[in-house]
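Trainee: Listed here are the chains, written in short residue letters.
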Amino acid sequence: MSKLKNEILSMTALELGKAISLTEVGVREAVEATLAQIEEREADVHSYVTLDAENALRNADYIQKKIADKELTSPLAGVPVAIKDNMCTKGLLTTCSSRILGNFVPTYSSTAVERLEKAGAVIIGKTNMDEFAMGSTSETSAFGPTKNPWNTGHVPGGSSGGSAAAVAADECFFALGSDTGGSIRQPASYCGIVGIKPTYGTVSRYGLIAYGSSLDQIGPLAKNVSDCVAVLSEIIAHDEKDSTSVDYDITALKNALDGDVKGMKIGVPRDYFGEGLDPEVASAVKEVAKKLESAGAIVEEFDLSLVDYAIPTYYTIAAAEASSNLERFDGIKYGYRTKEFAGLHEMYKKTRSEGFGPEVKRRIMLGSFVLSSGYYDAYYLKALRVKALIKKAFDDAFARYDAILGPVAPTTAPKLGDSLSDPIKMYLGDIYTISVNLAGLPGISVPCGTDSKGLPIGVQLIGDCFKDDRIVRLAYAYEQMRGEFPTPKGGIE
Amino acid sequence: MSKQYEMVIGLEVHVELATKTKIFCGCSTAFGGEPNTHTCPVCTGMPGSLPVLNKQVLEYAIAVGLATNCEITKNCKFDRKNYFYPDNPQNYQISQLYLPICRNGRVDIETENGIKSVRIHEIHMEEDAGKLIHDDWYDASLVDYNRSGVPLIEIVSEPDMRSAEEVIAYLETLRNTIQYLGASDCKLNEGSMRADVNLSVREVGSEKFGTRTEMKNLNSFHSIMHAIKGESERQIDLLESGESVVQETRRWDDAKECSYAMRSKEDAQDYRYFPDPDLVPISVSDELIESIRAKQPEMRLEKKKRYKEEFDIPEYDINIITNSKHLADLFEETVALGAQPKKVSNWIMGETLKLLKEKEMDPEDISFSASHLADLIKMTDSKEINSTVAKEVFEKIFFEDVDPKKYVEEKGLKTENNEDLLLEVTKRVIEANPQSVSDYKSGKEKAIGFLVGQSMRELKGKADPVAVTEILKKLMS
Numbered sequence: 001m002s003k004l005k006n007e008i009l010s011m012t013a014l015e016l017g018k019a020i021s022l023t024e025v026g027v028r029e030a031v032e033a034t035l036a037q038i039e040e041r042e043a044d045v046h047s048y049v050t051l052d053a054e055n056a057l058r059n060a061d062y063i064q065k066k067i068a069d070k071e072l073t074s075p076l077a078g079v080p081v082a083i084k085d086n087m088c089t090k091g092l093l094t095t096c097s098s099r100i101l102g103n104f105v106p107t108y109s110s111t112a113v114e115r116l117e118k119a120g121a122v123i124i125g126k127t128n129m130d131e132f133a134m135g136s137t138s139e140t141s142a143f144g145p146t147k148n149p150w151n152t153g154h155v156p157g158g159s160s161g162g163s164a165a166a167v168a169a170d171e172c173f174f175a176l177g178s179d180t181g182g183s184i185r186q187p188a189s190y191c192g193i194v195g196i197k198p199t200y201g202t203v204s205r206y207g208l209i210a211y212g213s214s215l216d217q218i219g220p221l222a223k224n225v226s227d228c229v230a231v232l233s234e235i236i237a238h239d240e241k242d243s244t245s246v247d248y249d250i251t252a253l254k255n256a257l258d259g260d261v262k263g264m265k266i267g268v269p270r271d272y273f274g275e276g277l278d279p280e281v282a283s284a285v286k287e288v289a290k291k292l293e294s295a296g297a298i299v300e301e302f303d304l305s306l307v308d309y310a311i312p313t314y315y316t317i318a319a320a321e322a323s324s325n326l327e328r329f330d331g332i333k334y335g336y337r338t339k340e341f342a343g344l345h346e347m348y349k350k351t352r353s354e355g356f357g358p359e360v361k362r363r364i365m366l367g368s369f370v371l372s373s374g375y376y377d378a379y380y381l382k383a384l385r386v387k388a389l390i391k392k393a394f395d396d397a398f399a400r401y402d403a404i405l406g407p408v409a410p411t412t413a414p415k416l417g418d419s420l421s422d423p424i425k426m427y428l429g430d431i432y433t434i435s436v437n438l439a440g441l442p443g444i445s446v447p448c449g450t451d452s453k454g455l456p457i458g459v460q461l462i463g464d465c466f467k468d469d470r471i472v473r474l475a476y477a478y479e480q481m482r483g484e485f486p487t488p489k490g491g492i493e
Numbered sequence: 001m002s003k004q005y006e007m008v009i010g011l012e013v014h015v016e017l018a019t020k021t022k023i024f025c026g027c028s029t030a031f032g033g034e035p036n037t038h039t040c041p042v043c044t045g046m047p048g049s050l051p052v053l054n055k056q057v058l059e060y061a062i063a064v065g066l067a068t069n070c071e072i073t074k075n076c077k078f079d080r081k082n083y084f085y086p087d088n089p090q091n092y093q094i095s096q097l098y099l100p101i102c103r104n105g106r107v108d109i110e111t112e113n114g115i116k117s118v119r120i121h122e123i124h125m126e127e128d129a130g131k132l133i134h135d136d137w138y139d140a141s142l143v144d145y146n147r148s149g150v151p152l153i154e155i156v157s158e159p160d161m162r163s164a165e166e167v168i169a170y171l172e173t174l175r176n177t178i179q180y181l182g183a184s185d186c187k188l189n190e191g192s193m194r195a196d197v198n199l200s201v202r203e204v205g206s207e208k209f210g211t212r213t214e215m216k217n218l219n220s221f222h223s224i225m226h227a228i229k230g231e232s233e234r235q236i237d238l239l240e241s242g243e244s245v246v247q248e249t250r251r252w253d254d255a256k257e258c259s260y261a262m263r264s265k266e267d268a269q270d271y272r273y274f275p276d277p278d279l280v281p282i283s284v285s286d287e288l289i290e291s292i293r294a295k296q297p298e299m300r301l302e303k304k305k306r307y308k309e310e311f312d313i314p315e316y317d318i319n320i321i322t323n324s325k326h327l328a329d330l331f332e333e334t335v336a337l338g339a340q341p342k343k344v345s346n347w348i349m350g351e352t353l354k355l356l357k358e359k360e361m362d363p364e365d366i367s368f369s370a371s372h373l374a375d376l377i378k379m380t381d382s383k384e385i386n387s388t389v390a391k392e393v394f395e396k397i398f399f400e401d402v403d404p405k406k407y408v409e410e411k412g413l414k415t416e417n418n419e420d421l422l423l424e425v426t427k428r429v430i431e432a433n434p435q436s437v438s439d440y441k442s443g444k445e446k447a448i449g450f451l452v453g454q455s456m457r458e459l460k461g462k463a464d465p466v467a468v469t470e471i472l473k474k475l476m477s
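Residue numbers (the numbering used here), protein chains in the order written: chain A, 1 to 493; chain B, 1 to 477.
In short, the hints are calculated from the structure, not lab data.
Each pair of labels, with its calculated beta carbon distance range:
1) A:GLY454 - B:SER283: 52 to 58 Å
2) B:THR111 - A:SER353: 52 to 58 Å
3) A:GLU24 - B:LYS20: 52 to 58 Å
4) B:LYS131 - A:PRO312: 41 to 47 Å
5) B:LEU288 - A:ASN255: 36 to 42 Å
Model, not experiment: these values are computed from the prediction.
Beta carbons: idealized from backbone N, C-alpha and C, even for Gly.
When you get a sec, could you build the whole thing from the sequences and use the hints?
Mentor: Set out below in structure tokens:
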């Protein structure tokens, strides 16, 4: 069985889906292989907050039958998937890696999860994350950090660190993450896998526990670009339950996987290669531009202004929305409630003080401050204006380019414990990813090398709104030229 | 009191809209229901749930805005009002601060000195909160989210009213207008219409506003009248004794007929309003506005004018009938079926109002059909039934909406028209009551009443008393 297990685990999601449809692999076999791998790796990696092994096995048999009956025809039918723990799953603990939701079992599933289930994907469990998606390392989880499968002395990135690590450690075949300021792309980059944050509004946010509602977007993390597109094909759909959801035609996206990038124009912002960028990351990313140029794309350097303003703008808007979004966690209706209290006010105060971790509290306070009377205009309103200017700067760039190419993060995965001591430094690490959320754009992270420590480096491609297909086209072409990317060997530095 | 004071009053009126479903989810707005049965993840503030605007709410708000001469905000937005309270499941209320749906309107009210305009500052849409119930036995508070997410509009007037009478006239006009639109039933006692009174006093002739207080918990016109009187006197007493009015929110206690301070301006919360990122800005098209405008019904003032021209009924009747769209509809439908307006008006003003009062019902609770009233009137016109029987049948129509033709047929209530029978009965009555006959003949006109009564009794009330009187007179002449 052990050889078979590794054979299964080495497959991509689409390869496994194909093998299942050809009855070369059974759904139960795939689930069992995944559970065995989790058994082996979880102690080191800690990707999961909650495992749903029993249900996964039960569902495996049910799905197997439906595949046999030709009721399920999705290429992902029978493929094990992990879900970030900020997406509601009916009847399955959903904690946002927070003590305050430590006992929360939703009565409904998020639309994205529902769509995957309908396609026949098998949910293995819920993945660890930064508490309420606030953090860039997955260390702010109330249930302990997730570790990078490439080197467990390092973080996997965040906030979708559990999802990224689970994919990289073969603890699932693909995963859903959410990206508010880089939370899919950055951990994908740190863990040597592919992650896509699609255009805002293309995937329903219903059932995604909100951090920054105007920035949050669900997307896939998987072993390669094709897998990500297969996942997007299932989860992109207009949803009446989400007012910000749009009707987006995925035909172009599906047709983007042919390697043809001739004549496509790529802009490389000089501003993305300045101070603070690790030279090893810089050269790996520039190498990608050269490869695409050799395939017929036109690469040009240009100035993308306002990059410096992105971080304060992002942290103002995201924190403001978060401060309001997280008000509902009050000990009244669900979740954690403090044991002893005198009166309502103290119940609120103690519940929230004990239920939220320090990073969440920091952002609630920051958000409450920028929205408070007398400061609203100076901070929140100004941030909204800068956001509009950033969008305008991208609009100008996309009038000339099909995509913008740059790094995902300034460095490869930092060591565990290095980031939380200096939150400002951690915030600065988001510089290349957050403006994409501010402007609602699609972005993709693709592995493009490893540094001298053996940690993966990712390249980011950013596209115009609803032009997700263009960055996917470029990413796929690059991936084909790059060839097989190594898998983590594990170990501690 | 040497100085002359005047009141300056502005109103914030909350109106619950008559939509079938809630403002941001598909749950029922029906009143009553077991606690927390009209709820879903959205209106209980479950994590990850998202609001989606009920378009009917927008349409009602625009309809009220048009009827109150407001400008409609074509790009409007919802904002979050953040405050912690257990009846508010998200701990923020979705409301409108920055771009309310309607602004700069006007309501014309009838006062002793003729028509007066009260300006409308704005109308905004928002969601209602749930209900807290304190259980003294267990010393616990329970919350029912059935009302959470029921759509409201808040109508904010400018401080244009100067007396309690003007306030009542304004509220009655507003209520009437909204009922005419079908946008709400506006029942103060059930809370589907709630008014907060902002009141200050100043010396007559002064241009400057005094310090105002806001009064809450006013759930009848009666308590509004009393609260205004009480609060203005309290403020004048303060000023007269050299003290100053404190800007604060006061709660009216209807039983004790006095108000007490709830919170002062210093305790005012910072609601940290900001645009709700879960709801996209609403763009109101000209087509939508025009289609709503085209559907606006005839309002009360126009209706009154038309009634005066079309129907020969007293102004008093017109005032009462048009005060309720339901009564006005009933009146017009019955007239349209061929009944004489004056007679319809008499049935409404007489028996209908009497029964409403007896049963403590509102005109909106009337459930009988105009066609049955029209038939009843036809039957009395043709003397098929007499007026006593008609009243009896009307009660049946009022409560059970019976078909009067069938009912009269089944119960055998038709007027007895058999001449021979009438003659026979009246002759018998005359023979049996010689004293009354001689009284009548000696000039005591009243004595015939007794003979008519006796004859009607023998005929089991089913005769036309006028016809019976005629026969008796003829027989005795």
